[in-house]
Amino acid sequence: MLTVSETSIGKQVIDACLSAGIREYVVCAGARNLSLVAALAGAEEVIVWSHFEERAAGFFALGRMMDSREPCAVVTTSGTAVAELLPAVIESHYQGRPLVVISADRPSGYRGSGAPQVIDQVGIFNAYAESCIDVQTGAEECFSGWSMRRPWHVNVCVEETDAMIASDAQLAEFKPVREKLEVGGLLKFFDACWQGVVVCLGGLEPEDRGEVMHFLQEIKVPVLADATSGLRELLGNLVLADGDRVLKKVKPAKVLRIGEVPVGRFWRDLEEMPEVEVLSLSRTGFSGLARESQVITGQIGRIIRGVGEIGEVGDVLDLLKENSRRWSQIDELLESYPDSEPSMIRTLSIYASIADTLYLGNSLPIREWAQFSQREHPIEIIRANRGANGIDGQLATWAGLTYGTDDAWCVVGDLTAMYDLSAPALLDGCEGVGRVIVVLNNGGGKIFDRLPRVAKMNGQVRDVIANSHGYSFEAWAAMWGMDYMRADSAEEMEVEAGEVPLVVEVCPCDKQTQAFWKAYEAIEGGAS
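In our numbering, each number is its position in the sequence shown, counted from 1, plus 32.
Rather than coming from a laboratory, the hints here were simulated on the basis of the structure. It is possible that some hints are incorrect.
[What the hints assert, rightly or not] Here are the simulated SDA-like cross-link-like pairs (lysine to any residue), alpha carbons at most 25 Å apart as the crow flies:
1. K252 with Q403
2. K281 with S325
3. K286 with I328
4. K252 with M305
5. K550 with V532
[To be verified] Derived CB-CB ranges, DEER-like:
6. Q149 with E531: 48 to 58 Å
7. E341 with W226: 18 to 28 Å
8. S163 with E191: 16 to 26 Å
9. N499 with E344: 46 to 56 Å
10. V465 with G146: 48 to 58 Å
11. V154 with L219: 40 to 50 Å
12. E412 with N499: 26 to 36 Å
13. A115 with I555: 40 to 50 Å
Values in this document were obtained by computation on a predicted structure and should not be read as measured data. Glycine included, every Cβ here is placed at the ideal spot set by N, Cα and C.
Please take these sequences and the hints and turn them into a complete structure.
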C-alpha cells in the first residue's frame with residue numbers, strides 16, 4: 033500500500049476506463065469529482081463533453097452510443113446528481129447500450145449519516161446496471177465481468193483530505209464476456225409455414241440493415257415495418273399498408289419480430305392472440321411481450337448469417353394483394369385534409385427526405401411517420417428512443433446521436449420538447465449545419481384523444497390527461513440562439529435550414545385532424 037495524492041484514485045479509475053475501451057465522457061463537474069475531471073484532462077485520445085445537468089447528460093451519452101456503438105461514460109458528483117441518471121440508465125438497459133456511470137462519492141463512513149451531499153449511491157440503479165463496483169482503495173477491478181451490453185456503475189469514494197491510501201496493483205487486462213449464438217430456433221420456426229408468416233420489423237442498427245433486407249427479399253413474406261428499421265421505403269411492395277388493421281382482421285399463424293420491440297398496435301394485440309407463434313430476433317434479449325414467446329438473442333446480422341438460406345416462403349394469406357388500393361385510399365385522405373396532423377407529417381417527410389439522419393422523438397411522431405410519411409425517398413438513418421423513457425431526454429439523445437453531423441433532423445411532440453428544454457445547450461460548438469428541430473404543437477398529448485377510454489371522458493378530464501396548453505416555442509428558440517419558423521398549414525411549410533439550428537413549430541388544424549381520423553376509421557379494415 034502506498035500513500036498517494038487524491039488525484040491518484042481518479043487516475044486509477046480513468047486508466048481502468050481506458051483499458052476497457054471507453055474513449056468518450058460527458059462530465060457534469062462538481063467539487064466531489066474534481067480528481068476524476070483532472071485525470072480526464074490529462075488523458076490522451078479521449079473526447080470530453082461538459083454539461084450542467086445530469087439527466088440531459090445521460091441521454092446525450094445514450095445518443096453518442098447509438099451513433100458510435102461504443103461505450104460512453106457520464107462522470108457525476110455525489111448525492112442526487114447520481115439519481116438524475118436513472119432514466120438514461122433504464123433506457124440504456126432496455127436498449128442494450130454500454131452506458132458507464134462514474135459517480136464520485138464521499139467516504140463510505142458517511143453512509144446513512146445524513147451528512148450533506150450523501151446518499152446511498154452503491155446499487156442505486158439496482159437491476160438496471162449490470163453491476164456496481166464500489167471503489168474505496170483501488171480501481172483494478174472496475175470492469176471485471178462486464179459484458180459491454182448493459183450499463184455499468186463505478187462508484188468512487190474520494191477522501192476528504194489531500195492524501196489517501198490507494199492500491200498500487202496493476203490493472204488486469206479487460207476481457208468482455210462473449211455471447212454464444214444459437215440459431216436453431218429460427219430454422220425450426222420456418223419448418224411449417226403453410227398458415228402464413230408475417231415479419232414485424234422494429235428498429236435496427238445500421239450495420240444490420242443490409243443482412244435483414246437481403247433476408248426479407250429472399251423469404252418474400254409480408255412485412256409490418258417501423259420507420260426506425262430504415263427499410264420501410266426500400267422493401268417496396270413487401271411492406272403492408274395499414275398493416276395494424278389488416279393483421280387484426282386476418283391473423284397469421286406465425287410472427288417473426290426482427291430488431292427492437294415494434295411500436296405498432298398489432299404488436300400489442302398479440303398479447304391477446306396466444307395461438308399466434310411469435311419468435312423474436314433481438315439484440316437485447318427482451319421479448320417485448322407478457323405472453324409466451326421465443327427469443328434468439330444476439331447481433332441480428334450474425335443470427336441471419338448463421339442460419340444461411342431459407343428460401344422463399346411467400347405471402348400465403350394474400351395479405352399484400354390489396355396493398356396498392358389501401359395506399360391509394362390513405363393518399364386520398366391526406367390530400368382531402370391537407371392541414372390535418374397526418375397530412376402535415378406527409379408534407380414534412382418530403383422536406384425531410386434531404387436529411388442525412390432523422391430522429392423521431394416519441395410515440396405519436398413515430399407511429400404517424402410509419403403510417404403516413406412519403407415512401408419514395410429513404411432516409412439513410414432513422415433512430416428513436418422508445419424502450420422505457422417515453423418523452424424523457426429525447427432532444428438530448430438526438431444531440432448526442434448527431435453531434436457534428438450535417439442535415440440532422442429531429443421530430444418531437446410539444447410536451448417532449450417542454451420536457452427537455454435545456455438540451456440545446458448540448459449543441460454549443462457543434463459544427464453541423466442544416467440541423468432542424470420540428471416541434472409538433474397540437475396543444476398537448478393528443479395521442480390520448482384516440483384511446484377509446486379517454487374519448488368517453490368529459491372535456492375537463494381529457495384536458496388533464498392530455499396536459500393541454502397554449503404555449504409557443506418561438507421564445508425557446510430565441511433563448512438558445514436558434515432560428516424559428518411556424519407553419520399553421522401545409523402551404524406554410526417551406527423548410528430551409530441554415531448555419532444555426534432551425535426550430536420548425538408545426539401547428540396542425542385540430543378540426544381537420546379529427547375529420548381525417550373519422551374518415552380513416554371508416555376505411556375498410558375497421559377501427560385501429
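Consistency of the hints with the structure:
A threshold of 25 Å between alpha carbons decides the hint, and for K252 with Q403 the separation of about 21 Å falls inside it, so the pair holds. For the hint pairing K281 with S325, the CA-to-CA distance comes to about 21 Å; that is within 25 Å, so the pair holds. Proposed proximity of K286 and I328 is supported: the alpha carbons are some 15 Å apart, at most 25 Å. For the given pair, K252 sits about 24 Å from M305 by alpha-carbon distance, which is consistent with the 25 Å threshold.
The suggested pairing of K550 with V532 is violated, with an alpha-carbon distance near 40 Å, which exceeds 25 Å. A C-beta distance of roughly 41 Å is found between Q149 and E531, which places it outside the suggested range of 48 to 58 Å. In this structure the supplied range 18 to 28 Å holds for E341 paired with W226, their Cβ-Cβ distance being about 20 Å. For the pair S163 and E191, the beta carbons lie near 24 Å from each other, so the given range of 16 to 26 Å is met.
At about 49 Å, the beta-carbon gap between N499 and E344 stays in the expected band of 46 to 56 Å. The hinted range of 48 to 58 Å is satisfied by V465 and G146, whose Cβ atoms lie roughly 51 Å apart. At roughly 45 Å, the beta carbons of V154 and L219 sit within the given window of 40 to 50 Å. Separation of E412 from N499 is about 34 Å and conforms to the stated range, judged on CB atoms against 26 to 36 Å.
Between A115 and I555, the C-beta spacing of about 48 Å keeps the proposed range 40 to 50 Å intact.
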